[in-house]
Amino acid sequence: MASEFAQFVESCLARRASRYPHRLALADTGGAMLDGRGLYEQARAVARSLPPPSGTEPPLYLLPSANGVDKIVLWLGAWMAGAAVLNIDMDYLPAETARALLATARPSGMLSLAPSGAQCLPLAQETGAPAMPAGTVLVNCTSGTTGMPKLVYQSATALRHNGDVSARLMELDEGEPCLEVRGMNWYSAQILSLMPFLSVGTQLHVAPRFSASKLTGWLAEREIRFMPMVPSMVRIMLGVVRGLPASLARYSCSSSELAASLWQRAEETWSIPLINLYGSSELGWICGSDEGARQIGRVGFPVAGVRVAVRREADAAAGEPGRILVSTPYAALATRAVGGAAQRLGDTQVDTQDLGCFDATGRLALMGRADDMILRGGVNIHPSDIERHIEQVPGVRQAVVFGVDDATYGAVAGCAFTGAPGVQADDLAIRLATELPAAWQPVYWWKLDSIPLAANGKISRRQLRQRLTESLPPPLAPRSGRRSAAAPLEPPCAHTGAHPGGGGKAG
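Per numbering that gives the first Met the number 0, the very first residue in the sequence shown carries number 0; after that it's consecutive.
Check before you lean on any hint, since a few could be wrong.
[Stated by the list, open to error] Dumping the calculated EDC-like pairs for lysine to aspartate or glutamate here, alpha-carbon to alpha-carbon at most 20 Å:
1. LYS149 with ASP90
2. LYS149 with GLU390
3. LYS149 with GLU95
4. LYS446 with GLU390
5. LYS149 with GLU173
6. LYS149 with ASP172
[To be verified] Cβ pair distances, simulated, as ranges:
7. LEU120 with ARG461: 21 to 27 Å
8. ALA211 with SER470: 28 to 34 Å
9. ASP448 with THR156: 43 to 49 Å
10. ALA316 with ASP172: 44 to 50 Å
11. VAL239 with ALA359: 36 to 42 Å
12. ARG461 with ASP358: 40 to 46 Å
No lab work stands behind these hints, which were simulated from the structure alone. Treat the numbers as computed from the prediction; the structure is a model and nothing was measured. Virtual Cβ for every residue (Gly too), placed ideally from N, Cα, C.
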């Protein structure tokens, strides 16, 4: 007998096929497209070509990495067959990391489309059952932006709930054209785009990846009404276009902290509502607001059923952020580190490692991550505070600040930035010397052609720091950290390169 979730997926596709058999349902920017009837028939053919589940644990199938119609059809067909699916972005993760994740997950094979539905290609790995938590329908891996990627096991309950939250906050309607330019291998894209596509019946368009030069064309040609973005994409697009197509009614921003200044600039430039959300792969949606309740600089109110607390140090000053603690019945079933055992989450309180505080209205404001904090001589420095100052300098497009080891202070600030040809590190350092406390002023600078993004559009400070600082000398000898704006300023350590890690040490 088919599982309840398999029946749900089939009923969603069958309803669309019955009501709108010839209306476009799914398309990709490569030209592939399916109407309601075609989508249902192809997904059903995939389901019928796969062996029925045997025993208590469903099979686990690895899906192709690339976004496209084929991937979605295989995905939905596997779910209709009662199987679980595994997403690992082979194009983004290092080969050794991908192999380690596969060895831990132990999928039955990798699916590809065939004339009869699907074929399962064997993988050169250790055989054996994947030992998934009961109720698993989806296995993803985290992006690794804060450490080694780990597997995350999701239930049908969590998927459906978080998809419903997305549809409600974004006010999505049946047949509404939506565009996903982020990798579908990541949970945010799945609950913002794939699940509303199923439950609400939106029209889904997928692109292989984010492209600043092609985005406005995709939006206009397909009359897209809604699309999800991340802060780095918003910042890039603001540097490329002054306007977005009139068809776009709203867009969301999630996955990392969105600076209030960037949000304000986006709304003023494009005159399109931006809806900010806060969540994680392990916990699903934590906070959010719809268009009417949104407030710039806030990620919104806790989602119904989700309990959010902020733990501050006893001696914290007024207004100082604290660690965000979350408990939710809609969390992932478990996580699993490479080679480790599954760690069940349940409805226990989880330290997100994010920093924030509630305002008087009950809305949550994000203020960075605890593991991004720079501890300089006992002073806690939030990278985002420095970034906001740097990005207000005319000609600066983007700044990413991170800690660099230092023998005297433990760590000092380093900054990678992009900007107009005339913007140089020396000029920025001199300006910041009059605007920021000495401890906040970056000691190391790198000017880049672009800031590299992960497949999900996020920036990894950890990975960027590693690539940029690997050629630096050992931490500097003990020295004085005082820098007076009135005294002659020594030239800062500066590096200009076309890409991270290219071209030797800063200096």
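Hint consistency between LYS149 and ASP90 [alpha-carbon to alpha-carbon, up to 20 Å]:
17 Å, holds
Just to be sure I understand the hint, the distance between the Cβ atoms of ALA211 and SER470 should be within 28 to 34 Å; is that true here?
Check passed, 29 Å falls within 28 to 34 Å.
Keeping to a limit of 20 Å between CA atoms, is the pair of LYS149 and GLU95 held or broken?
14 Å, holds
Does 36 to 42 Å hold as the CB distance between VAL239 and ALA359, or does it fail?
37 Å, holds
Given a hint of 21 to 27 Å, does the C-beta separation of LEU120 and ARG461 actually sit inside it?
34 Å, violated
Given the hint of 40 to 46 Å, is the C-beta distance from ARG461 to ASP358 inside that range or not?
30 Å, violated
Per the hint of 44 to 50 Å, is the separation of the Cβ atoms of ALA316 and ASP172 within bounds?
46 Å, holds
Below or equal to 20 Å on CA atoms is what counts here, so check LYS149 against GLU173.
Cα-Cα ~35 Å, so violated.
CA of LYS446 to CA of GLU390, is that 20 Å or under?
Holds, at roughly 13 Å.
Decide if the proposed pair is consistent with the structure: LYS149 and ASP172, CA atoms, cutoff 20 Å inclusive.
Violated. LYS149 to ASP172 sits at ~34 Å, over the 20 Å cutoff.
With 43 to 49 Å as the target window, see if ASP448 and THR156 comply at their CB atoms.
45 Å, holds
Compare the distance between the alpha carbons of LYS149 and GLU390 with 20 Å, and conclude whether the hinted pair is satisfied.
Violated, at roughly 33 Å.
Going through the hint list in order, the structure does not satisfy hints 2, 5, 6, 7, 12.
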